[in-house]
Amino acid sequence: MSQGARILIVDDEPAIRRFLKASLEAQGFATDSAENAAQALAALPRLKPDLVILDLGLPDLDGLEVIRRVRATDAVPIVVLSVRNDEPGKVAALDAGADDYMVKPFGVEELLARVRAALRHRLQQKGLGPVFRAGDLAVDFLARKATMAGTELKLSKREFDLLRLLAEHAGKVMTHRQLLTAVWGEAHRDDVEYLRVYVRQLRAKLGDDPADPRWIETEPGVGYRLKAE
-11 MSQGARILIV DDEPAIRRFL KASLEAQGFA TDSAENAAQA LAALPRLKPD LVILDLGLPD
49 LDGLEVIRRV RATDAVPIVV LSVRNDEPGK VAALDAGADD YMVKPFGVEE LLARVRAALR
109 HRLQQKGLGP VFRAGDLAVD FLARKATMAG TELKLSKREF DLLRLLAEHA GKVMTHRQLL
169 TAVWGEAHRD DVEYLRVYVR QLRAKLGDDP ADPRWIETEP GVGYRLKAE
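Everything in the sequence shown is counted per the numbering used here, starting at -11 for the first residue and increasing by one.
A few of these clues could be false.
Stated by the list, open to error - Think about it this way: if two alpha-carbon atoms lie no more than 30 Å apart in a straight line, the pair counts; the simulated DSSO-like pairs of lysine-lysine are:
1) Lys92 - Lys215
2) Lys92 - Lys133
3) Lys193 - Lys215
4) Lys215 - Lys142
5) Lys145 - Lys92
6) Lys215 - Lys36
7) Lys92 - Lys36
8) Lys145 - Lys215
9) Lys92 - Lys9
10) Lys133 - Lys215
11) Lys193 - Lys142
12) Lys145 - Lys133
13) Lys9 - Lys36
14) Lys142 - Lys9
Quick caveat, the hints were computed from the structure, so don't treat them as lab data.
A quick note: this is a predicted structure, and the numbers were derived from the prediction, not measured.
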């Protein structure tokens, strides 16, 4: 699925660009590079990459603004790389439209896994059918039911709405605020403990182990991601 995908690397550090280029091309990806926001924004409509790896600390424009400008016209997956390790910074990037966030220094294997997940998510979005399937899990959006190995899960309306939203964005980190606003409305956008209760209930019905999740991963302080397989 990912072989041959074109990735635009946006980072002002030449050593990082060289390292990413070598690591990605060794896995069969094609790469292009930009050292600042101006180059990246000019290259996007011309190169039409399948994914962007973006450093937030660019010399000419804050990375958050780059994400916003890209999202105004393009749904290309964006994986952020940043030295900023604070939770508000991660949430701001994801709320602006990034698909994932990794902190420098990073492990190349984890980066490759997140790149593959973001590419799968984009393909699923493009061809999102009435039923999401991953392993034994199936979520039927139209019939509003979910099954595990063919057995229907007994979900409440809110539990199904939460699972459906995660399935629609499988492989992508959804922030607490994004989930709360979409499922419960703007008035509940900061009720993180409320969300955690529903995630615990949903995990229990999926047979998921929070310590070693098969389905719903926690991004501490940020949100949740349904694994896309």
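Results of checking the hints against the structure:
1. Lys92 - Lys215: Holds - the C-alpha atoms of Lys215 and Lys92 are around 23 Å apart, at most 30 Å.
2. Lys92 - Lys133: violated (40 Å)
3. Lys193 - Lys215: Holds. Lys193 to Lys215 sits at ~16 Å (cutoff 30 Å).
4. Lys215 - Lys142: holds (21 Å)
5. Lys145 - Lys92: Given that 30 Å is the threshold and the Cα spacing comes to 40 Å, the pair is violated.
6. Lys215 - Lys36: holds (26 Å)
7. Lys92 - Lys36: holds (26 Å)
8. Lys145 - Lys215: holds (21 Å)
9. Lys92 - Lys9: holds (16 Å)
10. Lys133 - Lys215: holds (19 Å)
11. Lys193 - Lys142: holds (8 Å)
12. Lys145 - Lys133: With Cα atoms ~10 Å apart, Lys145 and Lys133 stay inside 30 Å; holds.
13. Lys9 - Lys36: With Cα atoms ~17 Å apart, Lys9 and Lys36 stay inside 30 Å; holds.
14. Lys142 - Lys9: violated (47 Å)
Going down the numbered hints, you'll see the structure goes against 2, 5 and 14, while the others check out.
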